Structure formats: structure tokens, C-alpha cells
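With the sequences and hints as input, model every part of the structure.
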Amino acid sequence: MTTPASVSTVDLAARFPGIVSADSRPGYSGWIINADKLIEVATAIRDEFGYDLLSSVTGVDYPADGKMEVVYHAFKTTGGSIFVFKVQMPRDDPVVSSLVPVWKGAELQEREAWDLLGIKFTNHPDLRRILMWEGFEGHPLRKDWKEPFYEEELKPFKSRWPDGKHTIAEAKNPFRDNVQFPVGFDPEKYTFEDPEQALYTSLRKYQSEDKDGIKTDHILVNMGPQHPSTHGVFRAVVMLDGEDIVSLKPVMGYLHRNHEKIGERNTFLQNMPYTDRLDYFNSMSNNFGYALAVEKLMGIQVAERADYIRVIMAELTRIQNHLIWAGMMLNDLGAMYTPALYAFEERELILDIFEATAGSRMMCNYFRFGGVARDMTEDALRKTRELVHDRLPGKVDEMDRLLTDNEVLVSRLKGMGYLSAEDAINTSMTGPMLRASGVPYDIRRADPYSVYDRFEFDVVSRPEGDMYARYLVRIEEMRQSLKILEQALKQIPAGPILSGKPQYQVKIQPGEAYGRVEAPKGELGYYIVSNGKPNPYRYHVRAPSFINLTSLEMLCVGEKIADFVAILGAVDIVLGELDR
Amino acid sequence: MYGKGLLKGLGVTFVRFFNTYWEDLTWMWRRVTTGEKRYHSAEGIAHRSSKNTRGIFTVQYPEEKLPVPEEFRYIPFLVYDEGADGAKEIRCTSCGICSKVCPPQCIWIVRGTDPSTGRPKPQPAEFYIDADICMNCGFCAEYCPFDAIKMDHDYELASYTRTLLPMEKLMKPASYYAEIRPLNAAREDEARKAKEAAKAAKAEAAAA
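From first to last, the protein sequence lines are chains A and B.
The first sequence: position 549 = 549 (my numbering), numbered continuously.
One rule links them: number in my numbering = place in the second sequence (from 1) + 1000.
Quick caveat, the hints were computed from the structure, so don't treat them as lab data.
Being a predicted model, the structure only gives us computed values, none of them experimental.
Treat the hints loosely; a few may be bogus.
[As the list claims (entries may be wrong)] Under 10 Å between C-beta atoms, here's a sample of chain B residues computed to sit facing chain A:
(1) GLY1009
(2) SER1094
(3) VAL1101
Idealized CB from N, CA, C, for every residue including glycine.
Here is the structure:
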């Protein structure tokens, strides 16, 4: 828990002398690879050293050194700790070869790094902006980029105290709105270019012209962003041959607010409530991952009772997430509301516990560095025990009885949206998506954090790799969560809930840390770089909803358009996290 | 047999359907015998949010309202103690910790100055909370060293315009705080008294 992200026993520098060197900056770890040899070394990391799951790809901007850095985090699906490797490039021309040929999972993440940091990836199959719109000026995560309501580099702002006359942010902007135009922009000379052109062109390559002597054309359909099945404002551009999906591109960013830029303006503690708003169904898990990452940087222990409370909260949140997922999945299949509302009942009872403990139902903001905000009262513990022992097992069984054998459900899910184990690993799937493809990889077991090593539970996995397997995995996972909860509630010790004193300004050494948890939707990782100041220098969220969509096209090609809705539902996305 | 799973599922929905009416009937009997009501009553709402709930689950807001737990937090308010002659003794010393810790930076404080000396005095001259920006995280209340700012329970703040809360609207008496958060208030009062006693003892020791 507090051990820094260790450089594993692999000695990459000895394997690639002159190409790879150890990262020797204080607080940093991992290997720095020559940019022009990246593909070669990455292939060796995957094939020779066995780090087959590329978890996270992100960039860091170091204007003081004139450098731009791409940071890769890889893991073994057989378990074990992190493997970090990096590439450094000059800041004025950051170009690196894309890792998509080695790991398909890098595709969306490299697009994100291009979009937000302006790092060019050569040989990337489709390097377009992803969160911002085409035609957006600048790369927002660069340190010299400023937002329209820019006030100061870092919070807390000086204008709030001691002479804090209230102003409205819009008043500072001449447009009285959240807009900003590039320097020298002249609306008279502006020519409109269809920003969607690049997107449609990237799909056009699948267009067929001649079929059985008849000239045919594919149909391009925009699903979303205003579509009830897309769980928010997600959009997929689908190329159809009749009813069959030929190709598909996810389009996202409609809910983008640049969580990471906000995070870099915030102090470490101020970020905690913002993480609630990522995956707003599971704010407890979000808090958990962030707290782990910062605790790694601080090098502090977590109070034991707090660790148990964290596990209880994380598992409760997993149960309600999976219940809602099952309900919403059935909504997507057309069984409107009955399973969803059954699920909401149990969720409501779980949220009551969150409300009584954390003070809020969804935006819990409950974790602190070294513990949790306040103790779980006896009353809340009693309620949790009652739910875990008397109610939830029966309700999970009821959901099981209601749905699992249902012939309509089975015929719609079985064999649909197939993803093989190799593809799942290659596209960086995590969570239930990966486990349903026959890879029993659960971070709680593979790289235990908090007190998960003290509990008896099974890692649920199914070999089929279809949507039905994804459904079964989640139902069984709820049972395993209940098992963990029973043990945690039995073992929870008395004692303090915070290892240190409550403090709003934490002292953090320069360095980097990657904290990750098994969130209900997959691996939720936080990559944080500190330069010793009260605010994080770089703050990156590895969002499972986002990265799990890398395989969306793979899942959908060959299926019918009507099944796209179900396939997307089975991935389990939340737009707050997807768009960040 | 094809369709067995469907029937099994329908069985679940039928039990739920049946329970809804059975539950209402049993409560009808309870109403006759003990006078307890399932709807529009505290015991009914408590039952509907307990582990034994079945049948109709929803609470008919705004006619019925779920009781909020003590820790529930909404937009903050400023606590004042009531002086002997009804004077409002605000606890805030305008130290600015709340405005520094506030994640969306929605707290504006003007530090008070003594008009005779021109020096800062431990009292805010102006205090604003922009309720539209506040994210109800509760950090201000958590880190205030003087128990001066606390989270409210009043969540019905919908309005047609932007809601900027100035000091007059933010101030609420300590008795109100003790009413919505009895356990917290009692604990904090005790801690404050112990602190004052220790301070007094120290001063006495220094004097002697």
C-alpha cells in the first residue's frame, strides 16, 4: 500500500544497452526509452517480459526542461506490480511512434494525448481529436494553456480572502460566456470547414461500390448524442450494410470539462470531491483510487479501521453499480423499467447508508489521505449488516431468477458481441469486460491494495467472451462482494479513522505515483506527478469506461444495428468518467 | 422446456405485484389496530426505507419527505451565538481557511477592520457564498477551527436567478445548529469547553 511503485526485477537497461536508461529523477521510477526504438522495446516488454496489459498511456508537459514525456503503465494479467516506461521528446516538436501496432489499447489514449497535450503519434490509424472538437485551438493540458475563465495558476485564489468582493466569472469574459477565440481570429475571414469530415472520411474506407453486379452503398448512421440508449451524450457513427454493422467510430467529449486541468489547478485535497463526479454512480471507488495514489506519494499508512470502512464502501458501491447495470442493460434490450426499478430499490437502501455516513448520497467525498472523513456510526454499521445479511443476498437471487434463464434475454445476449481473450488483453479491457473473456484478472487479487489480501473471495471469470458472460460475471460478482462485506463487517476493528491529524494542506514530496483500484467498471487508475508544491503538477485519470470502448468496434462489427445498443450497454459506461 | 425461464421471471414479478397489495392490506389492519399509517406518516416512511420494505417503495415528495440523517450536508451557513441582549455574536474570525480549502472557490470574505485603529479584527465585514458554484463538499465545515461554518439541511433552494448568499442570509443561530445536528453540536461544545478550561487553567498557572 505504501511501497512506492517498484521497478520490477526486469532490468531493461541491460537488455537494451544504450537505448533504455533507468529514470533517476528523485521520486520517479521506471525506464526511459529512446523515442526511435520504442516499438522494438515495447514488443520485447510485451513478449519477452510478459507485461501484456498496457493499462495507461498519458503525457506530461515539462516546459521548464523543454520536454514532453509520454508515460506508459503496463501490467501482467497473471498479477504483479506495475511496470512503467517513458519516452521523452523535445517540447516544440513532440513526435513519437504510435504503440497501436503493439497494443490496440493505446488507440483512444494516444488520441487523447494528442488532443490534450499535442503529442503526435506517427503511424496511428486515426489520429484525430477525441475529447475536444475538431477545430479547437490549442492543447488544453499544456502548462501554458489558459481557460476562458482563467483567474490564477493555482488555487486558492488570492481574490477570495482577505478582500473577497464577490464577482461573477462571466463578468471577466468580454463575451460573458465560456468562450475564447484564438489570437488574431477574424470572423470575417473565417471559412467554415465541416469538422466531421475527417471522421466520416475515416469510415468511408469501408464503403463498397459493387456487389453482385449492383452498385450498392453503405449507410452512415449517427447514433446519439441525443439517443436514450447511449446512457448520456455518447455518440457512435455507424457504417451499415443493410442492417449489419460494417464499421463504427465512437465520438465522445460532449460532457468534457477537462477534469485533469481542473485537477492541476486544485490542491491535492480539493481534488477529492471532483473525483466524485467522474463515475457518479461509484463516487466511493473514485475516492478510493485517488486516495491510494496520493497516499503512495505521501508515504503514509492508512488507519486500520478506515481501511475496513473503505472496503465496505467500495463493495457496497460495486453491488449497487452491478444491480443498476443489470437493470439498465434490460432497458437497453427493451424490457423497460421493471428490472431497473427493482435495482433502484436496493440502490436506494445502499445510498441511505452513504448518506448517513458520508453526508451525501452520490457525491460522497468521503475519503481523506490516511483514512476517511468520519466514522461509521453503530447505526450505519447495523443497517449495513442488516442489508448484507438479510436483504441483499435474496435480492441478488431474485434478480438472478428474474433474468438469467429468461429465454428472450439469453437469445439476445448469448454469442453476441464476442471478444476473445487475446483481443481483450490487447485492447486494454479491464474489469468485468476482461473477466468475461476468460481472463481472471482482478486487481483486488492480482495486485492487492488496502486490506483486500485479508478476505476470502473468488475472482469471477467466464470463458465465453460474449454478452451473456458479461451479464453472468456481474451477477456473480455481487455475490462475491457480499462475501467480502460479510467478512469485513465481522473483522472491522475499533480505533482511529485517520492515521494523522486532519489537515487541509498536505505535504507531498516531488515524484510520481500510480494508484489503481478495481472499480466496478474496470481498472480505475490515477497517475499523479508532484513537484513538491501544494498542487499536483500532473493529474491523470485512467478511466475504465473510456478505455473499455477501445474494443467497441471489434464487438460490433458483424452484428445488427439493433444489437449495438445492447453491446454498448454491456460495456457499462458512464459519461461523467468517459468524457471527464 | 422452452419458456421455463420466462415463467420463472414472471413468477418474480407476480410475487412483487401480489406483495404490493398484501402490504397495503396488512397496513390497513395495522391502522385499525394500532393507528399506524403506511403513507404520510413518519413510521410509514421509516418502514419504506428499512430492510423489510416491500410493495410500494416510493416516497411521495413533496407531500412526504424523507428525514435527512444528521450528517447530510447542503449549502453551508454561519453559526452565531446569541448574546445576553439578543446580540448576534458571530463565531467566524475571518481567518480565511474555508475560502482557501473550498474546491470551487465559492467563498468570498472581506476581513473586518477596527474603525478606530484601522487594524484587522477577527470578524468578517462581508461574507459571500455563491450557492450556484458551491458543490456541497463540506470541506469548509470540516476544517473550520472555530465551528463557525456548518453544513445545512435545507435542500429546497431552487430559484429563478443566481443565488448569491450574503452574510445576513448565511447567519443562523447556534440553537438551529444544535437542532439539526444534535450529536455533532454536543460533541463540539464539549471540546470547546474543555479547551477553554485548559486555557483558563494555564493562565491561572502562569499568573501564580
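Quick check: which numbered hints come out false for this structure? none
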